[in-house]
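J.: First to last, the protein sequences are chains Z and B. Counting along the first sequence from 1, when you hit position 397 you're at 397 in this note's numbering, and nothing is skipped either side. Counting along the second sequence from 1, when you hit position 419 you're at 419 in this note's numbering, and nothing is skipped either side.
Treat the hints as calculated values from the structure; they're not laboratory data. Where a beta carbon is used, it is the ideal one built from N, C-alpha and C, also for glycine. Any given hint could turn out to be false.
What the hints assert, rightly or not - The calculated label-pair distances, taken between Cβ atoms and stated as ranges, are:
#1 Z:E191 - B:P48: 19 to 27 Å
#2 B:P48 - Z:H165: 54 to 62 Å
#3 B:T143 - Z:E191: 32 to 40 Å
#4 Z:A214 - B:D106: 23 to 31 Å
2 protein chains.
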Amino acid sequence: MSHYAELIAVGTELLLGNVANTDAQYLSEQLALVGVDVLYHTAVGDNPARLREVIDVARRRCDLLIFTGGLGPTYDDLTKETVCLAFDRPLDFHPEIADEIRHYFDTVFRRESPACNLQQAYLPRDCTVFHNPVGTAPGCAFTADGVTVVMLPGVPRECRYLTDHALIPYLKAQQQEVILSHDLHVFGLTEPQVQERLADLMDEAVNPSLAPYAKPGEVMLRLTAKAGSEAACEELMAPLFWDARSRLGEYLYGVDAGSLEERTARLLKDRQLTFSAAESCTGGLIAKRMTDVPGASAVFLGGVVSYTNGVKAHVLGVPQDVLDKYGAVSVPTARAMAEGVRHLTGSDLAVSVTGVAGPDKDDRGNEVGTVFIALADGRKTVVRKLDLGTGRERVRTMAAHHAFDMIRRYLTDLPMEGE
Amino acid sequence: MSHYAELIAVGTELLLGNVANTDAQYLSEQLALVGVDVLYHTAVGDNPARLREVIDVARRRCDLLIFTGGLGPTYDDLTKETVCLAFDRPLDFHPEIADEIRHYFDTVFRRESPACNLQQAYLPRDCTVFHNPVGTAPGCAFTADGVTVVMLPGVPRECRYLTDHALIPYLKAQQQEVILSHDLHVFGLTEPQVQERLADLMDEAVNPSLAPYAKPGEVMLRLTAKAGSEAACEELMAPLFWDARSRLGEYLYGVDAGSLEERTARLLKDRQLTFSAAESCTGGLIAKRMTDVPGASAVFLGGVVSYTNGVKAHVLGVPQDVLDKYGAVSVPTARAMAEGVRHLTGSDLAVSVTGVAGPDKDDRGNEVGTVFIALADGRKTVVRKLDLGTGRERVRTMAAHHAFDMIRRYLTDLPMEGE
Chain Z
1 MSHYAELIAV
11 GTELLLGNVA
21 NTDAQYLSEQ
31 LALVGVDVLY
41 HTAVGDNPAR
51 LREVIDVARR
61 RCDLLIFTGG
71 LGPTYDDLTK
81 ETVCLAFDRP
91 LDFHPEIADE
101 IRHYFDTVFR
111 RESPACNLQQ
121 AYLPRDCTVF
131 HNPVGTAPGC
141 AFTADGVTVV
151 MLPGVPRECR
161 YLTDHALIPY
171 LKAQQQEVIL
181 SHDLHVFGLT
191 EPQVQERLAD
201 LMDEAVNPSL
211 APYAKPGEVM
221 LRLTAKAGSE
231 AACEELMAPL
241 FWDARSRLGE
251 YLYGVDAGSL
261 EERTARLLKD
271 RQLTFSAAES
281 CTGGLIAKRM
291 TDVPGASAVF
301 LGGVVSYTNG
311 VKAHVLGVPQ
321 DVLDKYGAVS
331 VPTARAMAEG
341 VRHLTGSDLA
351 VSVTGVAGPD
361 KDDRGNEVGT
371 VFIALADGRK
381 TVVRKLDLGT
391 GRERVRTMAA
401 HHAFDMIRRY
411 LTDLPMEGE
Chain B
1 MSHYAELIAV
11 GTELLLGNVA
21 NTDAQYLSEQ
31 LALVGVDVLY
41 HTAVGDNPAR
51 LREVIDVARR
61 RCDLLIFTGG
71 LGPTYDDLTK
81 ETVCLAFDRP
91 LDFHPEIADE
101 IRHYFDTVFR
111 RESPACNLQQ
121 AYLPRDCTVF
131 HNPVGTAPGC
141 AFTADGVTVV
151 MLPGVPRECR
161 YLTDHALIPY
171 LKAQQQEVIL
181 SHDLHVFGLT
191 EPQVQERLAD
201 LMDEAVNPSL
211 APYAKPGEVM
221 LRLTAKAGSE
231 AACEELMAPL
241 FWDARSRLGE
251 YLYGVDAGSL
261 EERTARLLKD
271 RQLTFSAAES
281 CTGGLIAKRM
291 TDVPGASAVF
301 LGGVVSYTNG
311 VKAHVLGVPQ
321 DVLDKYGAVS
331 VPTARAMAEG
341 VRHLTGSDLA
351 VSVTGVAGPD
361 KDDRGNEVGT
371 VFIALADGRK
381 TVVRKLDLGT
391 GRERVRTMAA
401 HHAFDMIRRY
411 LTDLPMEGE
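Next comes chain Z alone, as it looks inside the complex (with noise of 0.2 Å):
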């Protein structure tokens, strides 16, 4: 059975702009991974009456309504209290749900669960219970009048882990098809490059379908099929992949496969190389996504921001003299900056990063979006010139993207376009 989905965010926080609705986006996501249609977006704040009366525009529309948020164990925390006011449905205690509140607090805070913590185990009769480990907020299903109802705690984390864990196999449970996708991101190509490439299948494709999905310089597409099997949809897919994985070619840099860092990392950990990185205009960038890859210490062995030319000499070690004749952002600067950084820390790869983030120019006429990024292997040294656009941290952004690129690029024999 397929839905139609209304996600109601409820919480005055979101109305104030202090928080932005993440948790509509990542159910979103995730819904639409699994074929449900999310018609509506709304949020209202911890008010009974507004949220009623957006219960009752939700009801009319949509037979599946998602909430999210005032479940919390404070007077203004509604949610539960006006949707089962709404579906007329009594609120009942669960004691063992209690018992796991309890344990929570006794095991993450070391102290006793506070009394207005209990009001957060009664749930609407005859629900199905989303168990909350990682919180004191249960989230729950159930059926009424042909709407699907369901709430799920406020807190990104637990919204999420919720989604995952409970709503999502909830879902699952209900269809009669299984639903599978594939996720090819590409790099170096823009949307319409990749659209243009894909055209003629992304039009034909219904089942399954192909569809992109725009990232911060990068493009994502979305293959999905829809079978009686997860078998099913994969020989259902197969040619379609194919076919688009031999068009996208060199730059598809991976299947499944998170971001341009978690490829590099496992590319580097399948070869057991390391790597390295002297950054000037990224400032930290690449070391900072580099190391929210759990277990990247494998890989990275650290690096070093030259944010001056003072560091870029004493530190990596570039020699004045180029700095004086070729300036900070030059081919021989990135060079001596990726050689120095290799050096320094003994690793097999380099990188290095150099150029001008903006807002201005710099001191030798260099434009605002021009970056050179070196790559180092003891061998030879690499240099590619990029001219990134405007705006800085979009600038930021892109040089770290061809950084992990560039690595990718050597790892896989494929050109690096450089010189």
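For chain Z, the structure is supplied; the task is to place chain B on it using the hints.
T.: Relative to chain Z, chain B alone:
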């Protein structure tokens, strides 16, 4: 005149979870500052029938409807047409906007504007035009049947620009009163601790009002006053401001300060001092956050990301016997890292961070969340031991917060609680 607002985002990409609705957050934050009560956020796809129903629901419950998105040049951009149909208002062609669009293509993309973009030069009759110098879709506002209707482009950069430069001035011009706010930034106290210190002030305060906003790892308090002039607002706020300030004491790190790193950069700049960082578990996060601040190069020389013991020893000069005897996560290692990076870069001050970000304990049995932070100034080195709890990302964020706060405390002669 004060408004009840609904923010209506139009775009199927939101319902697919492809992007988060950050426009709603930004608008909510800015509207709160000028006293507009946002009651609902709604998101709907590129579907004229559903958008029309959303408009009909919204106009019954709010008197300010702000649409974002669906103003682009392609066939599925239908916001203007659907809104104008709902409010019975024709669309007129504006030749001067067509010129602006041609000019934008000319100067930014260096090519001729496609014919479809000229569709963006149609606007509702008798509207206030919000000219858009950062994109091709102008915004607009008009009032019909007692409802003020605003349309803004959905691209976050353009939405923000037009919010700041057109929408907020437009709303202010309608208001009799001036609304002014100051943000008090607090680090080192939890939200309940802040509430305990200020409970009576927050409960009693109406005009000016004082409300807390939780931010990752810190607390922000917003003090807001309404009066006939900016000066009258300031006068109204002064007693509460000074009272709150004295109760928050050393934990108040800044007023309208932006972030801990901005505050730290400002203090260093004022004192004409530089710093560098040696990062282990934060893996470049301190450098990345500092270089997010434009102009950081005046105070931040650079740093070393020493993710492995080899880099700690060979680049930073941490003695091998210190690493062998005490381990990487220890007071002596933190001390040697800070002194090492200070020596390497020649900075006035240096910080170091070494700790266990998780997911697992380290090989010496240090718990996740154990972090040492050192500050060296060439005369002495102070080391703090912190227990930052669990969660890899949270531990890294909090460790970086504490490093910036330690510099701030040093520069303002506050206690650092280290050894």
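J.: If a hint holds in the structure, say so; if it doesn't, say that too.
T.: The hints, checked one at a time:
{"no.": "1", "hint": "Z:E191 - B:P48: 19 to 27 Å", "verdict": "25 Å, holds"}
{"no.": "2", "hint": "B:P48 - Z:H165: 54 to 62 Å", "verdict": "38 Å, violated"}
{"no.": "3", "hint": "B:T143 - Z:E191: 32 to 40 Å", "verdict": "38 Å, holds"}
{"no.": "4", "hint": "Z:A214 - B:D106: 23 to 31 Å", "verdict": "25 Å, holds"}
Taken one by one, the earlier hints fail for this structure only at number 2.
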